[in-house]
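A.B. asks: So the chains spell out like this:
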Amino acid sequence: MSDRIAGIVMLIVSIAFGITASSYEASFGDPLGPAALPVMLSIPAVLLSLCLVLKPDPDPVWVTGTPLFRQIAAVVLLIAYALLLDPLGFLLATFVTVTLLGRILLSGWLKSALSGVLMTLVLFVTFDTLLGLPLRALPAGLG
Amino acid sequence: METIALLGQGFAVALTPTNMALAIFGCFVGTIIGALPGIGPVNGVAILIPLAFSLGLEPVSALIMLSCIYYGCMYGGRISSIMLNIPGDEPAIMTTLDGYPMAQRGKAAEALAISALASFVGATFATVGLTLFAPLLAGAAIYFGPADYFALYVMAFATIGGITGVNPIKTLLAAMIGLMIASVGLDPATGTARFTFGSYHLYDGFNPIVAIVGLFAISEVLFYLETMHMSDGKMVPLGRAVPKLRDIAVGGWAHLRGSVIGFICGILPGAGASLGAFMSYVVEKRVSNKNGTFGHGDPKGIVAPEAGNNAASGGALIPMLTLGVPGSGTTAVMLALLISLNVQPGPLLFSREPEMVWGLIASLYIANVVLLIMNIPMVGLFTRMLAMPQWVLMPFVVMVSFLGIYSISNSSFDVLVMIGFGVLGFILRKLNISLVPVILGLLLGADMENNLRRALSISGGDPSILVASPIAIGLYLVTFAILAAAFYIAFNTRRAERKLGED
Amino acid sequence: MRKLTKLLSLGALALSLSVGSSAAEECIAPADPGGGWDFTCRTVGKLLYDLKLVENPVQITNMPGGVGAVAWANVASKRNDDGSLLVATSTVGITQIAQGRFPAGTDAMRWLAMLGTDVGVIVVPADSEFKTLKDLTDAMSEDPASVTAAGSSGAGGWDHIRLLMVAKAAGLSGDDYKGIRWVQFDGGSPAVTQMLGGQVDLVTTDLGEIAGFVESGDIRILAALSDERIPAFPDAPTAAEQGLDVTGYNWRGFYTGGDVSDEDYQRWVSTLNKLYDSKEWKAAAEGSGLVPVWRGGEEFEAYVLEQAAQMEEISRQIGVIK
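Chains as they are written, first to last, in this note's numbering: chain A, 1 to 143; chain B, 1 to 503; chain C, 1 to 322.
It should be emphasised that the hints constitute simulated quantities derived from the structure, not laboratory data. Watch out, some of these pointers could steer you wrong.
Residues on chain C that point at chain B, a partial pick, calculated with CB under 10 Å [stated by the list, open to error]:
id : residue
1  : Pro64
2  : Pro103
3  : Phe185
4  : Gly187
C-beta atoms are modelled at their ideal positions from N, C-alpha and C, and glycine is treated no differently.
Same shape as in the complex, but just chain A (with noise of 0.2 Å):
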C-alpha cells in the first residue's frame, strides 16, 4: 500500500513536472532550449511511478504511537529553531533546542538541560568564536 501511494504521489508530481516544464522557452539560446530536458524527464518518471502502483513491494512497518508522536516533535522542534534562531538569539534557542531534543530522546530533564547548557556553550565558542559565523547571541533587543 504504501508503495502505491508513493507511486501515486510520484506519478502527480512527474506529470505535474513535465506539465511546468513544456511552458518553458527561450526566445534566444541553444536549439534544444530549456524545456526539452525535463520533459523527456518526465516521461521515464511517470512510467516508472505507473511500475510501482502497480507492482508494489511489501509494506515497510509505519510506527505509530509514541515513536511516531517523537518523530513529528523532532521536525517541529527543528523547525520551530529554525525560526526562532534569529529572533530569539542563539544561547536560548540552542538551550532551549538541545534540552527538549534529550527529552525526546529519552533522558531525563536534568540531564537535558546540563547537556542543553554544554552544548550551547561549546556550539557558540567553535561556530561564532573559532569559525567566525556571526551569530546573534541574545535576543533581538537585547544584544
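Add chains B and C to chain A, keeping to what the hints say.
C.D. replies: Frame of chain A; chains B and C shown alone:
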C-alpha cells in the same frame, strides 16, 4: 617514472604541518564517525563539509581532511560490527557475520586487529591502484567533448540502476527524483528560471550539500527516534589489548582476493563499498570455507569483507577524480564539496591542479599508516566511544548539521530546506528507495543536461553529433557491457544470498 | 598552521567566553564561499582592517541566491539605510539587473566604487584561421552560423553580450546575432579546453582565468576588449586599434543601500579610494588576475547606469528581454 616524481611532489604537499595535522585529525574523527552506529561516512563527511568552509581551508587541505575522514570511516565501521554486532556503517554489515562470533569467543582484540590489518591492505592496494590508473584515465579524458560527457553520464545513470538496490524500478525512480530536483533554478544556457515559483532563493537551485545533510543526517535522527525503544546490542569485553603479530597475520591470500574484488567494485559507478564487501565475502566463502567455519568466527570471514570494503572506497575515488562521476555515496558527497570549492573534478583536474591531486593521493598513503597505528594499539579508545549515550550524540549531530548549513548562507531558508530533505530522506528509506541515486541525479543532472545542449549547440541542432566520436561510441558499448555484467552478477548474487540465508 | 593554533585554543577560549556585539562594518558577498564576489569581500575586508582604514575587522556574510538577487532584496527591505554595509558586485550583477532579473533597477541602490577589473578578451587557438579581428567579423558577416563561439556565461550573459557588442560594431544586425552559435561552459578554462579540443572556434571571456593558456602559447588573443593594451600581454591588440571601439570589462565593486546618508556614502567612497591607492591592493588585485582601475562616487554611478542601458539595448535586440 613520471608518476613517481609527481607522487613525490604530492608528499611535499601532504607533509606540510597543517596538512599532516588535518590528515591525522581526519583519521581520528573518521574512525569515531565510522564506529558510532548511526552516523555513517556519507553523513559524517556531509556534516563536516561546512566545517571545512568555516575554517577557510585551502581546497587541497579541505580535500585531504575529508578524504582522511572517509578512509577513517571505512576503518571505523568494523569496530561496532565486532563489538556490538551492529554495523557502524552499511559496508561493515558483512563484518558482523564472523567478527561478532569471534569476539563472543573472547577474541575481540584479535578480531579488531585482524580487521585493521585487512583494512590496511585493502586501502593501500586501492591507493596504489589510484596512483597507477587515475593518471591514465585522466590522460585519455582530456579528449572528451560535450557529446562524450553526455555518453559518460548516460553510463553513470544506466549502471546505477543495474548495480545498486534491491528493486531496480525504485533505484531508477530515485535517480529521476534526483534529476528532477537538479533542474530547479536558473537554466545556465539561457537564464530561464525553472520551477522556482517566483522565489529568488531557488534561482541557484538546491545546494547539494544542504540536500545531502538533510537526506542522510536528519533522516538518520528520525530513524533513530523510531527504533530507539528496541534494545541496543551488548558490548563484548575487549580482552587482551594488543594481540601478537602471529595471531593477526592469519588472513593470507584472503587479503589480496578481497582487495582485488573490492577495488573493481569501487571503480564501477554507483556500486560502492557495500557491494565490494559483499562480493569479497561471498567469493572468500566459496574459496576457503572447507570446514564450515564461516559464520562462526573464521578470521578469513573478517579479512575478506574488510579488505573488500576498504579497497572499494579507494577505488571509488578514481572515477570521481578523473571523470567527475562518483563511484559511491560518499565520493558523491566529496564531489559536491569540490564543486563548492570551485574545483571542477574531471580530466582537467590532473593537468590543472596536480598539486591538489597528488597531495591528496600522498595523504591517503599517510592516512593508511596513521589509521593502522590508531586501530591496533589505540583501538581501546574507540571502543570506549561506543558507550556514548545516544541522547548526547543525536542532538549533537543535529546541531552540527544545523549550524553547518546555517553557516553556508546565513539563512533559515537553507535550514528549512534541509529539514524538508530530512523528511523526504526518511520516507524514501522507509520505502527502501536508495538515496545514492537521488544524490547522483542531483549532482550530475545539470551537467548531463548542459553537455547534451552544448553538443547540440555546436552541431546547430543535429543529433547525430551524439554518436559521432569514437569515445562516445566506446562509452555506450561499455555501458551495455556493464549492464549485461550487472544482470549476470545480480542473478548470481541473489542465488548466493538465498544460499547464505539457508545456511 | 594558524588555523591549527586556533583549534587548539578552543579549550582556553571556552573559559573566556564573552558575548560581544559591535557595529562593525560588514561586507555581503551575494554568493557561496569561494567565488569571485566572495573573494572581493574577503580581500577588501581584510585589507581595510590591516591598513587601519576601519576600526574593527570587517564582518563577511555570504548571502547566495538568484545571482545576487537575494542579497539585493534583503538590503532593499531590511538595511536600506545601513551606512556600515558594503555589498560586492560586478558586471555580471549589472547584466542581471539590466535584464530585469532583480526586484528593482539600478537606481534602487547607491553605487560606491569599482576597484579593479577583469578584462574581456576574444581568444582563438594558436593555429586558427582567424589572424585578426577583421577576419572574424568578415566571416560572421558572411555567414553567422559558420562561427561557433563559447564562454562562461549562458546566451544573453555578459560573455555572450561582449561578443555581440563586437559584432554590432562591425555592422551585423540583430537577426545576425541569433545566427552565431553560442555554447555555454562552466568557466573560462573548460571553454578554452574544449576550444583546443576542436569543439568550438573561439572563446570570449575574462582574461584572468585563462591567462595561463595564453602564456603557454596554446591560444592567441585576437582582441583585448580594453581601452589600452593589457600590461601582461603587450603584443595583443585591442579591439579599438582594429577599428571596433568596444570595451568589455568585468569590474569588481560595491554598492550600498539606497537610503544611506550622503555622509556615510562619501565616507565609504573616500575609504575605498584610500584602499585603492595602497600598494597592498594593487598586489592583491594583480595576484588574482585583475587590473586595478578606479571609478568612484558619482562617476561610478553614471558608469553603472550607462553600462546597464547598453546591456538592456543589446538584450532587447537579441530577444533575451521582450
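A.B. asks: Output the numbers, in ascending order, of every earlier hint that fails for this structure.
C.D. replies: Violated hints: none at all, because every hint is consistent with the structure.
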